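**Q** Sequence:
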Amino acid sequence: MSSSKLNRILNQAFGVFLGMAIAVWVLRGFGILVFLPGGVIWLLVFGAIAMAVLSHVQKTWWRY
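Numbers 118 to 181, taken from the numbering used here, label the letters of the sequence shown in order.
In case anyone wonders, no lab produced these hints; they're calculated from the structure. Possibly wrong hints are sitting among the right ones.
[Said to hold, decoys possible] Derived CB-CB ranges, DEER-like: (1) V143 with W178: 29 to 37 Å; (2) S119 with F147: 39 to 47 Å; (3) V170 with F147: 25 to 33 Å; (4) L150 with S121: 13 to 21 Å; (5) F147 with W178: 39 to 47 Å; (6) V151 with I126: 28 to 36 Å; (7) S120 with A167: 16 to 24 Å; (8) G155 with T177: 29 to 37 Å; (9) S119 with G146: 18 to 26 Å.
Bear in mind that the values here come from a model prediction, so they are computed numbers and not experimental data. Virtual Cβ for every residue (Gly too), placed ideally from N, Cα, C.
Generate the whole structure from the sequences, applying the supplied hints.
**A** Here it is as structure tokens:
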């Protein structure tokens, strides 16, 4: 797998995790997803942060 393809996949994963976290947070605030615990939102946010860090590390440190 090439470096640019891996970076694109990591960036897409970051967007998906962040989008899901925001959507769950907003829907929970409106009272639609009240059954989900707050930890789910934090897991999605931390997943997004992890994807962003991995994308940055892959782009700057891992030279193939």
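**Q** Evaluate each hint against the coordinates.
**A** Consistency of the hints with the structure:
{"no.": "1", "hint": "V143 with W178: 29 to 37 Å", "result": "35 Å, holds"}
{"no.": "2", "hint": "S119 with F147: 39 to 47 Å", "result": "42 Å, holds"}
{"no.": "3", "hint": "V170 with F147: 25 to 33 Å", "result": "31 Å, holds"}
{"no.": "4", "hint": "L150 with S121: 13 to 21 Å", "result": "36 Å, violated"}
{"no.": "5", "hint": "F147 with W178: 39 to 47 Å", "result": "41 Å, holds"}
{"no.": "6", "hint": "V151 with I126: 28 to 36 Å", "result": "33 Å, holds"}
{"no.": "7", "hint": "S120 with A167: 16 to 24 Å", "result": "19 Å, holds"}
{"no.": "8", "hint": "G155 with T177: 29 to 37 Å", "result": "33 Å, holds"}
{"no.": "9", "hint": "S119 with G146: 18 to 26 Å", "result": "41 Å, violated"}
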